[in-house]
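Chemist: With the hints as your guide, set chain B onto chain Y.
Protein chains in written order, with numbering that gives the first Met the number 0: chain Y, 0 to 378; chain B, 0 to 378.
Derived from the structure by calculation, the hints contain no laboratory data.
Please note that the accuracy of each hint is not assured.
[Claimed, not checked] Non-contacting residues of chain B with respect to chain Y, defined by C-beta distances greater than 12 Å in every case (computed): (1) T2; (2) S43; (3) E76; (4) S87; (5) R159; (6) G174; (7) D189; (8) S206; (9) E340.
[Claimed, not checked] On the chain Y side, residues computed to face chain B include the following (Cβ under 8 Å): (10) Y126; (11) A254; (12) G256; (13) P257; (14) I270; (15) R271; (16) E272; (17) S273; (18) Q274; (19) T279; (20) V281; (21) A343; (22) S348.
[As the list claims (entries may be wrong)] Facing chain B, according to a computed beta carbon distance under 8 Å, are these residues of chain Y, among others: (23) S337; (24) T345; (25) P349.
For clarity, every value in this text was computed on a predicted model and none was experimentally measured.
Glycine is no exception: its CB is placed at the ideal position from the N, C-alpha and C atoms.
2 protein chains.
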Amino acid sequence: MTTAERTARMGLLAAHDGGDLGLARLVRDRGAVEVWDHVRAGGSTQLARRASVVDVDEVRRQTSACGARFIIPGDDEWPGGVDELAWSDPVGHSGGEPLGLWVIGPARLSDLTGSVAMVGSRASTAYGEHVAADWAAGLAEHGRVVVSGGAYGIDAAAHRGVLGSGGVTVAVMAGGLARLYPVGNSALLDQIAKQGAVVSEYPPERSPSRARFLVRNRLIAALSQATVIVEAALRSGAQNTVSWALSLQRPVLAAPGPVTSSTSYTPHRLIRESQAIAATTVEDILEVVEPLGVSRMINPGASDPSQPLLGGVCVSETGLTPAQARVRAILPSRRGISVDELSARTGESPLALLVSLAQLKQLGQAVQTRFGTWRVAHP
Amino acid sequence: MTTAERTARMGLLAAHDGGDLGLARLVRDRGAVEVWDHVRAGGSTQLARRASVVDVDEVRRQTSACGARFIIPGDDEWPGGVDELAWSDPVGHSGGEPLGLWVIGPARLSDLTGSVAMVGSRASTAYGEHVAADWAAGLAEHGRVVVSGGAYGIDAAAHRGVLGSGGVTVAVMAGGLARLYPVGNSALLDQIAKQGAVVSEYPPERSPSRARFLVRNRLIAALSQATVIVEAALRSGAQNTVSWALSLQRPVLAAPGPVTSSTSYTPHRLIRESQAIAATTVEDILEVVEPLGVSRMINPGASDPSQPLLGGVCVSETGLTPAQARVRAILPSRRGISVDELSARTGESPLALLVSLAQLKQLGQAVQTRFGTWRVAHP
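Bound-form chain Y, shown alone:
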C-alpha cells in the first residue's frame, strides 16, 4: 500500500471517529486519498474543519511512541473479516468497515481463523467469570483466538483464561492505544499486548467515550467467527456486540445461567428468541466455528470491490465445509425450501442448518426469500 493511502486513512481517522457510515461509504466509492485531499483542501464541513488541524506526522510519532503499528486494507496483516461490516446492516446509526487499525502485539489479525468473541457483563458473578475463563482457556487449548474488549468482569475473565493457557487473545479498545482503558486492567492489557494484540481504530491519544464503546463493539464481532455472551443483565453493552454479530450473520452463542441471577437475563432472552444457541461446553462453541487446518482466509484485497462478500470469509480448501456442502446440494434454485423441510430431508437440527445457511449466504451461495425460505443464490 502506498504511503499516500496510509497517510490519508490515518488522517481521516484522526480527523473523525470510526464507525461513520457516510465516511466509510465515501472512502469506498472515491478512495481514501481523494477524500483526504478533498477535505484537506478546505470547506465548511465538520470533517474539513477537523482535518485542517490534523498533524499526521504527529500521529505517526504517537503511534511509534506507544509501540503500535497502523495497518490498512491491503496489508498482509489486515483482517479481511472486518470488511464485511461494509455490507452488514448498521446498528444504531453507526457501522461500516474500519479505515485502518492501530495494533500493538505479536498477533497477526489476519490469522483469526476460528476466532471467538467472548463478551458479557462488567458486573459479573463468580459463576460467569468461572465459565468465561474456563471456556476461553478451552478455546485457546484448541488453538482459537479469543477476542474481547478488555473491560472488567467477563471480558477480563476471558482474556485471563486465554493467557493462563498460553494462548492468543485480542483486546479491542474504545480509545487510543496510548491510553489503555480501564486503568485497573493495565497489567492485564500489557500482558495481552505482549502475548496477543491490543487493537483500536482510534489514534493513540484519543480518549474512550460511550459512543466509541458501541462503535468498537462492531470490531469485536467482525474480528470473530462467532460471538459468545456470558452473563448480561437487561441493559448491557454485550447485547450491542451480539447485535453486530447478528448483523454480520455470524453465529451467536449464549451461556445459560441460574434464572435467579439478573445477569442471566440477556443470554436466556437470546436463547428463547432463537437469536443465540445455548452453549454449555467449549465443544458447543467449536461446533459453530470453522475447523482449524481445513480452512484459510480468502482476502481478495480492497482493490477488488466486485467480490466484496468474499472478503475475509473462511472457507475450506474445497470451497465449502462438509455441512455447508450437504445443505448446498439440496437447496432448490427456484422456489425456496423451509428450514423445517431441510431438517426433515437432512436429519440435521434447525439450528445447525441455520448456521450453515448463514455461512452459505455470506459466501454468496444461498439467499433467503421474503417468506424466510432458502434457495440457491443466482450470480
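Modeler: Chain B alone, transformed into the frame defined by chain Y:
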C-alpha cells in the same frame, strides 16, 4: 357408569398393570365388561390366570380403607386429558389411556385447566429446589394446579411450593395409595391428599416398581397442559416424563441453570434441540398454558369414540383461542405451510406458532405433513 363397567375396570387393573398397550386397545375396541368377562371365563393367557385370583370386593374394601375412590371414563370427575394417551405414540413399550384411577383428596381431576407438570431430579441442588418451589408457588397463585410425582428433590419442592401458597397440587404415585411412596415424604403426601389429590392407576396395595415409575410418568404428562423440567442429569426419569409430554404434543419448558452443574444437562439439551422452551419466569410458563376463565373442559364422554381427539381438550367458548384462530385462518387446505412462512405472515415467533399448531392438531383442526409443514385437517 354401571357397576359392571366399574367392576370390570377395577378387576382388569388388579389383574394387570396400567400402561399395557394391548389391554388398553382391547378395552377400547370391545369394552371393559366384555374383556373382563372373557378373561374371567378362563384361558391360558397371563391376564386370565391373574384375573382368576382377583377379588374385586377385596380391592373395593382396600379402596375404602385408605380413603380412596375409584374413577373411570364417563365419571364427572374423569380427567379427559388422559384419554389422549390413546392416540399418542408409545414411549418405550408402554402407553395407552388408563382404565381407571384411584384418587384420594378433595381435588377433582376434571378441573385441571391450565395445569402444569413440574418434574426433575431427585438429586436436586438448592438452586433447583428454590426454582421449583418458587415457580410452583407462583403457578398456584395464578390458580394453576401443579402435578408431580411426590418424589424427593424437585417433585417435593414443587409440591411444597404449592402447599405453602394454599394452592392445589396433584401427586401421581407409581404404586397403590395404601402404600404412599417414598416413606420419607409421608407427611408431605398426607398433606397433598388433604389439600389436593394423590392419584394412582394401581390398586391400593400394589407396591411401586421401576417399570411402574416409567408408566406412571405418562399420567403426570397427560394430566397437565404443559410440562416443566427443572434440573435433570444425563440419565433421569424426568426425561421420560418429557418424552410423554412430547408424545402428547404438549409444550415442554425447561429451566436453564449453571452450566457447571450436572443437573443442568438435560434441560439445556432439550433447549438446544428445540424440544423445550427455555423458561426463566412463571410468566414464561403461563404463556403456553390455556388462560383461566376463557376456557372450559369439553368431555364428550367415553361413549362417543367417534370424537376421541376432542376428549378433555381445553378450548375457548368460541372454540378456539385468539392465537389459535389467527393461525387457523391462514392455514392452507392443500399443500402445507412452514412455520417460518407462518411466522413471516403473522409476525409471531416460531415457538408460539408451534404451540398453537400443536393445540390445533389436538383439536383435529390442523395436520402436519411429512415435510413438517402444516395444513388444515380434512374431516
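Chemist: Please name the hints from earlier in the document that this structure breaks, with their numbers sorted from lowest to highest.
Modeler: Violated hints: 9, 18, 20, 24; rest satisfied.
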